[in-house]
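Peer 1: Please work from the sequences and hints to get the whole structure.
In the order they appear, the protein sequences are chains A and B. According to my numbering, the first sequence holds residues 445 to 738 in order. According to my numbering, the second sequence holds residues -2 to 389 in order.
Simulated from the structure, these hints should not be mistaken for lab results. Everything hinted at is true.
DEER-style ranges, computed between Cβ atoms:
1. Gly701(A) <-> Asn229(B): 23 to 29 Å
2. Gly701(A) <-> Glu357(B): 42 to 48 Å
3. Pro134(B) <-> Asp562(A): 32 to 38 Å
4. Gly55(B) <-> Ser659(A): 24 to 30 Å
5. Arg673(A) <-> Gly55(B): 45 to 51 Å
6. Lys537(A) <-> Pro134(B): 34 to 40 Å
7. Gly58(B) <-> Asp562(A): 52 to 58 Å
8. Ala30(B) <-> Ala715(A): 55 to 61 Å
9. Lys639(A) <-> Leu62(B): 52 to 58 Å
10. Pro687(A) <-> Ala198(B): 41 to 47 Å
Just a few of them, taken from the derived set where beta-carbon distance is under 7 Å, the chain A residues facing chain B:
11. Pro585
12. Leu603
13. Tyr605
14. Ile629
15. Gly658
16. Ala682
17. Gly683
18. Arg684
19. Thr685
20. Met692
21. His694
22. Gly701
C-beta: ideal position from N, C-alpha, C; glycine also.
In case you want the letters, here they are:
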Amino acid sequence: MSILVGLGTRLVVQGITGREGEFHTRASIVYGTTVVAGTRPGKGGQFAIDGTVPIFDTVAAAVREAGANTSVIYIPAAGAPDAILEAVEAGIKTIVCITEGIPALDMIPVVEAVRRADARLIGPNCPGVTSPGQAKVGIIPASIHKPCRAGVVSRSGTLTYEAVQAMTDAGIGQSTCVGIGGDPIIGTTFLDVLKLFRDDPDTDAIVMIGEIGGSAEEEAAAFAAEHLRGVPMAAFIAGRTAPPGRRMGHAGAIISGGLGTAAEKIAALEAAGIRVADSPTQLPRLLLEAGYRP
Amino acid sequence: MKIQEADAKSLMLAQGLPVPAWEVARTPQEVRAAAERFLAAGAGRVVVKAQVLVGGRGKAGGVKLAGTPAEAEEVGSRIIGMDIKGITVRKVLVAAAAEIVKEYYLGAILDRVSRRIVLMASAEGGVEIEEVARQNPEAIHRVAADPQLGLLAFQARGLGLAIGLRDPVLNPFVAIARGLYATMTANDADLVEVNPLAVVAESGPDGKVRQRLVCLDAKITLDDSGLARHRNHEALRDLDEEDPADARARDLGINFIHLEGTIGCMVNGAGLAMTTMDLVKHYGGEPANFLDVGGGARHETVRDAMELILADPNVKAILVNIFGGITRGDEVAAGLIEARAKQARAVPMVVRIVGTNAAEAARLLREANLETAASLDEAAEKAVALAKGASR
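Peer 2: Next up, the structure:
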């Protein structure tokens, strides 16, 4: 079954004619994802991706005429919040926003609108979601995956690829890999994804990849201690050597006022019984030691 | 991006907040002249405050009072040029010293958990809020602004009442709290802080003493992602306090932070870049920088990044770690080889490239005789060994 995206996904790509949008849509299609539509206002009626994907002027039209139920957004930061709201208004319930560099305050009313519509937003500033063997929504490279029953949730992009590759190399396949994004204000948190994995009959183990900044890892650890006892888990936290007060690439990766350090997060995870790897390559071993049998 | 107190005060003033007049001085003579003006206008004393972006300047001796122009000049000569946490003070703020009756704290922050702007207030003003949070967390009161309507008057009033404010300063507090919120949204700030927000006693022209609520300090952090839509904000960047390498990286569009170690790192992706630094440390080395070349980096970017790393004389070894998704390994390899051919000093390098076009990258690296590694751990270990070998 997997979570968020799967065989039932009917994807609309917002910004399908842009460089990123087109490149990654091709990869999604090659992976087997059902891409039913793209949007590009003013080009409705035309086709993208070598004439295979119909373009609509609006997300509403893509929902109405192509039956889209999931959206992915490759629109620059200035237009991305509006694109999310358009998808919400059109009734899309799973929205994945890849866009990086959206001013954080822009996201406050947007996540509220998503919440009120009972929709789910992944990102922004995230690599997307892949359910191996079923659907790939976003920019996570297809080659690193192997379908199986370990869920992965991460704030990062390439670091996730590193961890997933190590898992695949060790024979540990994935149910779904979710990149939740590196911004301070994101639609879906670690906690939300842990709940989805807990309720997913096809996920038996969880790998969590966090980083400095905020307290989302601590909240996830508290939830895991209470609700995920018996589920094999392993974690990695990036930024042990990050200097305080500096934004480490991701807008959300900053230690401020002495809070949000890697040490605090590692302590919280270990207190919840989750082992934390010193290197992402150790994650498969820790998962096996936690009792997971792929 | 952090900005100086004087600039933060300008942004607050623009939103109608009560900020007493100030002047910025760069020499003791300018401090004296500013002090003369404030004293002539009726101030009993002036305050001279170092303008630096690091906290704790008061404890470091960067904030002093003066009662005469001569004393102000003398105080100014001590503060200008002093070192506060590694930063040389180049300018000071001069203002009339207020007659403080009571100090409060008021701040607006971007709260990740509630995903709202949260206003925080405390009756324990004038001390670091982090300290209050540790020692006496109940003393901090919070209210989350409505995500669509903003900070409502009744919310601000509740906050004011919670910290013990009553007539005649309660309504002014409501206006100040909403002004802080407005300052935040108007400037794409992720932090706007007034500490202290003070009740001060002021003598009016009729000789009567009145109490008034004023913003005596100002701290603002701007969201880097919002800078592009505020054309005036780039001028607020204090280049004096920025590491020149960081400034150069910004011009090149490379995510770079200069650090104190000996191993230069070049990585694609912020999380992986942090992890690479962590592994360098784990294997006994110290990273010289954080560097994310970004997704889909071309060989020119790689060449520029290499120049940035090599410009640091402390760098004894370089570690390149690329996990190609949209970034093509062969592009990176070509950029490395190009940079290698031009580099002024011989610094050992270990390269690890996996993912997209890794085989082609491996061929290029082999032909150029560059040291390679298969895994991230191996690469970090090798880089640490190379740095140690080079420094012997």
